[in-house]
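Trainee: The residues making up each chain are set out below.
There are 2 protein chains.
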Amino acid sequence: MSKAWKDYQEKNKDRFLEEMLDLLRIPSVSAKSEHKDDMQRCADAVKNSLLAAGADKAEVMQTDGHPVVYGEKIIDPSKPTVLVYGHYDVQPPEPLELWHSGPFEPVIKDGKIYARGSADDKGQFYMHVKALEIMAKTNSMTTNMKFLIEGEEEVGSPNLAKFVSAHKELLKTDVILISDSSLLSMENPSLDIGMRGLSYIQVEVTGANRDLHSGTYGGAVANPITILAKMIAGIHDKKNHISIPGFYDDVAVPTKEERKLLKKAPYDEEEYKKDLGVEELWGEKGFTTYERTGIRPTLEINGIWGGYTGEGAKTVLPSKAYAKISARLVPNQSSHKITEILLDYFKSVAPPTVTVKAELHHGGEPYMTPIDSKGYLAAAKALKTTFKKKPIPVRGGGSIPICSILEKELGVKIIFMGFGLDNDNLHSPNEKFNLENYYKGIETIPYFHKFFAEEG
Amino acid sequence: MSKAWKDYQEKNKDRFLEEMLDLLRIPSVSAKSEHKDDMQRCADAVKNSLLAAGADKAEVMQTDGHPVVYGEKIIDPSKPTVLVYGHYDVQPPEPLELWHSGPFEPVIKDGKIYARGSADDKGQFYMHVKALEIMAKTNSMTTNMKFLIEGEEEVGSPNLAKFVSAHKELLKTDVILISDSSLLSMENPSLDIGMRGLSYIQVEVTGANRDLHSGTYGGAVANPITILAKMIAGIHDKKNHISIPGFYDDVAVPTKEERKLLKKAPYDEEEYKKDLGVEELWGEKGFTTYERTGIRPTLEINGIWGGYTGEGAKTVLPSKAYAKISARLVPNQSSHKITEILLDYFKSVAPPTVTVKAELHHGGEPYMTPIDSKGYLAAAKALKTTFKKKPIPVRGGGSIPICSILEKELGVKIIFMGFGLDNDNLHSPNEKFNLENYYKGIETIPYFHKFFAEEG
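Respectively, the protein sequence lines represent chains H and W. Residue 380 in this note's numbering is what sits at position 380 of the first sequence, and the numbering runs on without skipping anything. Residue 105 in this note's numbering is what sits at position 105 of the second sequence, and the numbering runs on without skipping anything.
Chain H extracted, bound-state conformation (with noise of 0.2 Å):
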């Protein structure tokens, strides 16, 4: 069987990346409603490559917002079913003058196929489409195929949960398969074994009724860009703890074990700092680097506006400043109460100077999946036949929000096999997927399903 996957796919090999290049050329942006026809026109694409892969249907399905793409081939309804979810959305491209080349024009440069989403999840979850294909035109599937591809993961999944809740049979499965992650390097291949949750908000606050001649009122009424600085600047303490109170609260502490795990990812400190251009890391005091990406909560600022901001100078005291700022969260906090916690802490700490508004854009729980279930196991396994080495369990840093829920819903576990990695530039200019990755993703899965059958 393995020699007939391998043949298939070594004869259509260009073809497998001329089709996920395609689907790149889309600039499937969910966040932006002027991209809401390309959003469309993706998901009709994803549909496509389903039934030409050998799905037995496959079709779009309207939500409240981006579209669904809902997949299938039975071959048998007593055999086992693995359910793959994915996102064909992606993150917005820019700062467009950071890129090298067009985001939405694919390019393939020293091994890497450069545009945004080729990692994210594109090109990772159109491996499961071209594993599909294989397994089918090779007459070898060992397990029933579902596809639960959304259009709004990069935004939170919003419209997701009712989804899933209202289509349960059509979605029954025995495992979740998801490859929307990294591995630790090639040499070393690792599973993760948790995804940290989300709660984003976003921070306005509002000094005058307009702007203002920072010369004829400056130094007399707020400026909101310095109040808001300085909440900012409250955020974390000197050791660079999260001084929010209440927000450890629910902190699952690390077990000895669990530490000494995710000590056994090679870890280079000198080759990290090389690799992101820093003279000194920066982080939570008492913890290492993978314990501060994956098992410990954190609060970032991803973006900061207000006042002038285009070439030159203007003395303006701008009315208005804005934030966008998201916490990763760990088990066992919950993403509600920490929201809570964030838009309280914007709103009390506010002085009567300014007035302030704070949201929530989005969020998701944390979520962990065990080691020893079968899923893990057919995983585990699939992966030490095609890259010849145990996979590590780590904690993954990022975060699928619609995982908690999907798991309640469908009442089964995830597994993450991710085929990324840790420097293909996610959610930033020049994202990349590694030709290399892509093809060894593409034969490690079908693998997956023969063991899952099997330990079945």
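Worth double-checking, as some hints may not be accurate.
Identical copies look the same in the list; a pair holds intra-copy or inter-copy alike.
Simulated crosslink set (SDA-like; lysine to any residue; CA at most 25 Å straight-line) [what the hints assert, rightly or not]:
{"id": "1", "residue 1": "K285", "residue 2": "V356"}
{"id": "2", "residue 1": "K263", "residue 2": "P331"}
{"id": "3", "residue 1": "K109", "residue 2": "L421"}
{"id": "4", "residue 1": "K347", "residue 2": "L276"}
{"id": "5", "residue 1": "K273", "residue 2": "S348"}
Source of the hints: derived by calculation from the structure; they are not laboratory data.
Take the given structure of chain H and dock chain W to it, following the hints.
Mentor: Just chain W now, kept in the frame of chain H:
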């Protein structure tokens, strides 16, 4: 004479307005390179308006930046000469979405002229052009008149010092007259006796060498927005004093008399707050509002930006954050020294997790004019004639960076006879200039020349 002036103005008032509106239609934004051609076009229009008003000569003179317009009407070299300084450049109009009508499509509404530059300074220097016309056309000039209308005031006059130094003979004068400031109100005419100096800098904070995924890297590498916010939070203490070491070292302590004089200005705190739409004012403890905006130095953040500032959410950990920051200076602070102190502060408080670039945009020294000079007395008499009330001397909060250089190079005092109002929305959306103020200015200026000639 006064009847002839009045009759001429009355007969031509509609044209006086139309001509000014034509000037406002040219988007002469000096800060933005895309308006280079508009700047030249505006300079040509100013030159032509001077010739049409009766100037003997007028010309557009090139500098290393935007051109200067010079014009003159010499009636008798033995008579005193008044040099009018003004500027035809304007502040950038952003944020455009807050304008009720186009910034360069002047609209008259409720007796107010809405357009960028209406009060600052096209509408104000044009009063002098029309005053020239009135006196020239009624054969009643009492002084020689010179005009120096520059195109770089809003960007700190980087090329004017060199120009003035190179044309001392051409610009030779007995007094410099500037209308680029405000009256307390139409009921309480006032004359500015000081302008604050300026140090305008830009700060760039860099963390990692590229934008990062806030889930993968957040908590492990410095966020430049967080660091910049901490830097900004550190510039004011709890009493809103500026806490940067050395900032107040050279500030002249106001005498009891000066503070008493400032109290003469009518001030209704409730009205002031209501106009600005704030519950509480903000400012340095121990000083009144007029002291804060007049005799005390201030430090304002004019703009801040970094990360994602678009619609929706993006979970990015940005590589860079920026701020535009300016200090208003009072005697005896030196712009050069304060600029060094500011640049040093931002560089020295930077932790080793980031790199900081801090650079000067532009600066200018504070300026004071005595209240017993011939020019001041002539201006006070002129205002008393048309407003029927003796003007109050006040300390202006704004800056005209070139003042100290003009006085030094030309060896004469500057008189600030502005006809705007504090609520003209200078540097803000919906800048306006009241029609009443425009016409009152045109009516008042000829008296200045008359009284100045008599004093001489």
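Trainee: Return the numbers of the hints above that this structure violates; sort them in rising order.
Mentor: Those not satisfied: there are none.
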